[in-house]
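**Student:** Protein chains in written order, with numbering that gives the first Met the number 0: chain A, 0 to 163; chain B, 0 to 835.
None of these hints come from the bench; they were simulated from the model.
Mixed in with the good hints, there may be bad ones.
Below, a sample of chain A positions facing chain B; criterion: calculated Cβ distance under 10 Å [to be verified]: (1) L11; (2) G38; (3) T51; (4) A53; (5) E54; (6) V55; (7) E56; (8) S60; (9) S63; (10) R79; (11) T80; (12) E149.
If the Cβ cut is set under 8 Å, some of the chain B residues that face chain A in the computed set are [what the hints assert, rightly or not]: (13) N186; (14) L187; (15) V188; (16) V189; (17) V190; (18) E191; (19) R192; (20) T200; (21) E201; (22) N202.
If you're wondering where the values come from, they're calculated on a predicted model, not measured in any experiment.
Quick reminder that beta carbons are idealized off the backbone N, C-alpha and C, glycines included.
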Amino acid sequence: MTPERERRGAQLVAKYPNAQSALIPFLQACQEEDGYVSGDAIRDAAELTGITPAEVESIASFYSLLFKEPVGKHVIQVCRTLSCMLRGADELRDHARMRLGLANGETSADGRFTYEEVECLAACDRAPCLQHNLEFHYDVTPEDFDRQLERWRAEEPAVTMPAE
Amino acid sequence: MPIPKGPGVQRSVSPLQPSSHRLVNVIIDGNAVSVPEGTLVVEAAKALGTSVPVYCYHPKMDPVGLCRICLVEIEKMPKLQIACSTRVSEGMVVHTMSERVAEARRGVLEFLLLNHPLDCPICDKGGECDLQDFTMSYGPGASRLNEPKLHKPKAVDLGPTIVLDEERCILCRRCTRFDAEIAQERNLVVVERGHRSLIGTENGGAYTSYFSGNTTEICPVGALTSKPYRFRSRPWDLGHTDSICNQCPVGCNFRIDTRFGRIMRTFTRENTSVDDGWICDRGRYTFNYLYQPSRLRQPLVRRGGEFVAASFDEAIAASAGPLAAAAQTGRVGVIGGGRLSDEEAFSLQRFARQVLHTNNIDHRAGAQRLASPARYQARLEDLDDASLILIFGALTPEQAPILDLRLRRAVARRHAKLLFVGPYRPWFAVPCNYIEYTPGAIGDLMNQLSDVVHHGREEKGDGFVSEIANELVGAEKIIAIHNGRDADAAGALDRLMDTLHQYDHPVGILVVGSQANSRGAEAAGCIPNLSPAYIPVDDPGMTTHQMLTAAAEGKLDALFIAGANPALTYPDGLLVRRALDSVPFLAVAEQLMTETAAVADVVFAASSFAEKSGHLTNLEGRRQAFKAAVEPPVGVFSDLQIFSALASALGREGVIAADADAAFAQLRAAEDLIRRARGGQTSLPRPQTDDVSDLHSGDAVDATHHTLAIIPVPRLYGGGGAAAYDPGVAPMRPEPFAVIHPDDAVRLGLDSGDRVQLSGRGGSIEVEAKIADQAPPGVALVLADMPQAPVNRLLDASGFGSATAQKLRAEERLRGELGSSSVAVGDGYAAAGAGV
Ligand code: SF4
Ligand code: SF4
Ligand code: FES
Ligand code: FES
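The following block holds chain A by itself, in its conformation from the complex (with noise of 0.2 Å):
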């Protein structure tokens, strides 16, 4: 572990009464150092918590917000668990990956743009729906992809990801 992510660790473990609650704000504090959760990562809050880097990894993965790799300026997540499906996600995935030129969870080679498909968004009310960086985006038509994707190639993010 390098002195800062030390020091970074121990302002966070000192935070709760139990250490292990310190490890997600830990493995974010990594992903803002890195640019994702990288082995290093992984091990040195594994040593943090006392848990094993096995465990760190179960937990680290269940989240996608937390990257194995490095990622993109613009993470696009399209859900695709079962309202979202039931709802046309399936069209607006096919739609995006096409418009996009990338299989899940590529990143384009210019490093713009990481595309996903993730489980439940938790906004099956307002389904189809996809997560751009932290913003949320409901209803998504086609079309509507496309407006957004417009503007996200003509700017730069807001929030980038990964969040700071």
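With chain A held as given, fit chain B with the ligands onto it using these hints.
**Tutor:** The following block gives chain B with the ligands in isolation, referenced to the frame of chain A:
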């Protein structure tokens, strides 16, 4: 001054146990039953012989309620309930076979099968798969899914023992919970979420637990299957034989599954008091050595310096003369018994005493001197409610893995304290307090502890002595575990236990030996001063050490070694080499061409545990029967047959029974006689030991650090014999290593991974350096009993030693790797196993 008992430890009631002893009345499918309040519905149903289908539930683990296959109808509850997590209460009425339940099961099974690949025809689990079975019993006949199925990785290499099929996995988490709750290791986990969930490890690394094989049994489907058993058989084609594992002194019960007269696999056979339904991977996978070319399949007799194949009768004839002549003059010795069955060990000492007329018989082929405590013998189950577990010497995770599982549970679930006293800090899966102490001084420590406990004050010693004494005094139940090597420390421990016992502390002792049946051999009289059942003999014979010394000095004419490999395991490698080279006649009964057999004059091919019947006595003194599962190869005879034939050739026909039942009857008769004679005596007489304390003080760390003190460390898959030749164990086998402290590494110019040559009194060995502060400064922890780097070249009879360390440069390494294995001395042994 009597010491008040301490406040004791907090006990948490296991969620698996019913919370009270009050009985409640329940009706399940119209049948009434009374069970303790808090019993799980699924267990209450079991009591009535009703089986509710389960996937995620496993009786040894906490219920989690993940899979929903166990839904049942409970009156007055509107929704169906899961039988695996619902506890019974008074008057509960349960229906497990109603139409609502049937419909729920159909629904759950339809979901479980939604993306299932339906590759049962090529799945090893087929025929003993709960998904197959429950689908046949309760499932829908066909799928309604029109969409393509989800695909996941197949035939994933999960580790050295297991193949994982993610598509077959129903995510019941039995495997991951086993690894967390039972093994307390937490390396096998579920990664990802929802439909993407996978069984995995950190960063795709290998799952290498010593207990991994158990997950292939508890996986209710064919997701986790065993590599050695892959595509070998269908369960309905297997014959089953009840057996006992003979790879360590725990004596786990298992079943040998055979097909076409060959062992296909081994399988747990629960004995709650011994193994609690688990076996370790060493036990599970060590049987394929029987089918290796290196297996001895016929007797060998040395003619003109070379081994030539011989008939059994020829081998007997070749041995009878030299043994008879040596017996005449009393210059004869017998070593072995610790790897044999009880009846064989008994017959071996009988052969020594009644045929060769000598008390020169000893089962101790290594540094272990005692196989039993003189008093306070504990049971394995005593670990379950121990509040303090005190270990010295024994490395339970490596030497008695299934015992270690109990220990892990006691520490993790019941908050027992674990205290290790020893020269370094070995790994334990659960939190452990370490007291660093030189091995030679542990006896002193025990004595000091006795004093402090007795007098309630500190007589002498460091501050921590009173600290440990406080722990002891505060403990509700103390179990001590040692490896039987240090007879003085064991004696001092007995006295400490006496003191604690006097103040009403329940205490117990377990001795973890290095041979599977050393306890049985000791009790059967394979000890120079003790005949069967610990009856002292009038005229004690020589110990192994004395026999080897006599042989080396030319004072022994013949040596017979059965089921023992002292060339590799006896600590004083120099002495054993001299002895085996000097003794005019050496006969060995073995399954494999061991380092000892390789220098013999006559080698008998002996049958294995699976090819004979008999009994083994485990480390708690429990005698357990095992049955022959397969026939031995032609030319291979049981040790009993060998001893019996030798006795006949020496003119003592009928003295040694050739079959196990008759030998067992003789052993039982001897024990009965003695039991009557000994009456109520409670302390067992002690085996004769050698005074080797002056050889090595155990703390002779050279202040200049030119030399390193050598402490041999066992590893589960290390050692010679079966483990060295077994292809099932080969992927897990460690390479010889020495753990060296970073300070010494700097001085010696060593990095982790470097080859280092260690040279001591009996030659040198070449090992890989691992730099870690687990080794105290000035000490090298060297992997024990490895045929390619026998640490006993560096040791003396105390079991410790010292050596100079030198980094090997590239060209020397190359020479070592390309050339023969004779970089080190003792080439006679290097040839062992090669091509005979
Ligand atoms: S691999 Fe087997 S035991 Fe593990 S979760 Fe999947 S089905 Fe259950
Ligand atoms: S713990 Fe010992 S007896 Fe049990 S399976 Fe393992 S090696 Fe065999
Ligand atoms: S299913 Fe898409 S947000 Fe819940
Ligand atoms: S067995 Fe009850 S929920 Fe799985």
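**Student:** Failing hints, ascending?
**Tutor:** Of the numbered hints, 1, 12 do not hold.
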